[in-house]
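Visitor: Listed here are the chains, written in short residue letters.
2 protein chains.
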Amino acid sequence: MEIIVASRNSAKVAELMKLLSPLDIKVLSLEDFPDLPEVVEDGDTYEENAVKKARQVAEAAGKIALADDSGIEVDALQGEPGIKSARFGGEEFTDHERNMKLLKMLEKVPDDERGATFQCRVAIAGPDKLLKVVEGICRGAITREPRGGGGFGYDPIFTPVEYHQTFAELSPEVKNRISHRGRALEKAALFLEGYVYSERKE
Amino acid sequence: MEIIVASRNSAKVAELMKLLSPLDIKVLSLEDFPDLPEVVEDGDTYEENAVKKARQVAEAAGKIALADDSGIEVDALQGEPGIKSARFGGEEFTDHERNMKLLKMLEKVPDDERGATFQCRVAIAGPDKLLKVVEGICRGAITREPRGGGGFGYDPIFTPVEYHQTFAELSPEVKNRISHRGRALEKAALFLEGYVYSERKE
Chain A
1 MEIIVASRNS
11 AKVAELMKLL
21 SPLDIKVLSL
31 EDFPDLPEVV
41 EDGDTYEENA
51 VKKARQVAEA
61 AGKIALADDS
71 GIEVDALQGE
81 PGIKSARFGG
91 EEFTDHERNM
101 KLLKMLEKVP
111 DDERGATFQC
121 RVAIAGPDKL
131 LKVVEGICRG
141 AITREPRGGG
151 GFGYDPIFTP
161 VEYHQTFAEL
171 SPEVKNRISH
181 RGRALEKAAL
191 FLEGYVYSER
201 KE
Chain B
1001 MEIIVASRNS
1011 AKVAELMKLL
1021 SPLDIKVLSL
1031 EDFPDLPEVV
1041 EDGDTYEENA
1051 VKKARQVAEA
1061 AGKIALADDS
1071 GIEVDALQGE
1081 PGIKSARFGG
1091 EEFTDHERNM
1101 KLLKMLEKVP
1111 DDERGATFQC
1121 RVAIAGPDKL
1131 LKVVEGICRG
1141 AITREPRGGG
1151 GFGYDPIFTP
1161 VEYHQTFAEL
1171 SPEVKNRISH
1181 RGRALEKAAL
1191 FLEGYVYSER
1201 KE
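Protein chains in written order, with this note's numbering: chain A, 1 to 202; chain B, 1001 to 1202.
Extracted from the complex, chain A is given alone in its bound form (with noise of 0.2 angstroms):
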């Protein structure tokens, strides 16, 4: 079975691959897809952006597509930026900058109040059809400085519960173990294990 990875972030798809990986599956990216068109990420939630972007690449294609949206939600800041994670600041911002605005805000909040939450919803949809979406939560805390350089995103700048370590500090076995999109895409496997198991047998 092919699957594509609906995802043009070099750093995503690699760690989506590397966690689907284990499944008797072949893994494509956008990148083996140059002219599909751009899915404009416009929805409320993150389960709607990653429905659309799994179901227009599985359409557009003609394969089984997966797609992750996530966001992270900052307790001092009533849950922003949430949904506008990756667009904080604006679409110019890098990742680093995004991650200085967000620490200049909290500036004044106190180390016991730093508490956040990363979301991650998973997709996956056929030609014809979505088949599944699936969550996945990380919870933990802001740091007072960017730290590490692994991941991408917001990863510098987040340590997961009972972790001291940023995501960009920690392995990346470790983080795709406890992370909000490691959670999701390890549920996001089974399903896939079950379903590729179950086409198998005929």
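Rather than coming from a laboratory, the hints here were simulated on the basis of the structure.
Because the structure is a prediction, the values reported are computed rather than measured.
One should not assume that every hint holds.
[As the list claims (entries may be wrong)] Short derived list, chain B residues pointing at chain A, Cβ under 10 angstroms: (1) 1124; (2) 1131; (3) 1132; (4) 1173; (5) 1178; (6) 1186; (7) 1187; (8) 1188; (9) 1189; (10) 1190; (11) 1191; (12) 1192; (13) 1194; (14) 1196; (15) 1197; (16) 1198.
Just so you know, even glycine gets a beta-carbon here, dropped at the ideal spot from N, CA and C.
Mind docking chain B on chain A? Use the hints.
Guide: Leaving out everything else, chain B in the frame of chain A:
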């Protein structure tokens, strides 16, 4: 699709049925197959026992079977009773007697050294082969006395991390979401959902 839950423990069967209820799967128990031989749980690991039970029932009944094996590993007892949890103290012991024996053994263990891990493995087998084994783990601590009337087994003396109530005091909804068995069954359910989904499409 029909699936047999390979257990005669009615509390466990009820818990399993509840967890599998969102799926388009008819859940049967061993009560529906009174003539199936008893499976001897003599494996060295949870996985071995779960696989053995699932396989024997699936082969005898000619249907997909799901079996679990679980145990509690107490830090202060170097992981005991572990694989022997269900027979700890002797086959004739009641759950309550088992709990009292364990509490007695831990009488002098201070509060901050009473950590324990609930382990669970769930195996899914078809009539002709094994399909999948999944894992669920729940970390917590052993109380000083039994509390609560829900659940079964060691539930009254185990408080999961981040909760003050025992598994026997927590609502079934909360327990099933965070417990070792709940987590393993969530994974099993995702696998089965993909499996069923693929079958339905034919």
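Visitor: For each hint, tell me whether it holds in the structure or not.
Guide: How the hints compare with the structure:
1. 1124: 9 angstroms, holds
2. 1131: Holds, about 6 angstroms.
3. 1132: Nearest chain A Cβ about 7 angstroms off; hint holds.
4. 1173: 16 angstroms, violated
5. 1178: Violated, about 13 angstroms.
6. 1186: 8 angstroms, holds
7. 1187: Holds: closest Cβ of chain A sits about 5 angstroms from residue 1187(B), inside 10 angstroms.
8. 1188: Since the shortest Cβ distance to chain A is 8 angstroms, the answer is holds.
9. 1189: With a closest approach of 9 angstroms, the residue 1189(B) hint holds.
10. 1190: 4 angstroms, holds
11. 1191: 4 angstroms, holds
12. 1192: Holds. Min distance 6 angstroms.
13. 1194: 3 angstroms, holds
14. 1196: 8 angstroms, holds
15. 1197: Cβ of residue 1197(B) sits 6 angstroms from chain A, so the hint holds.
16. 1198: 4 angstroms, holds
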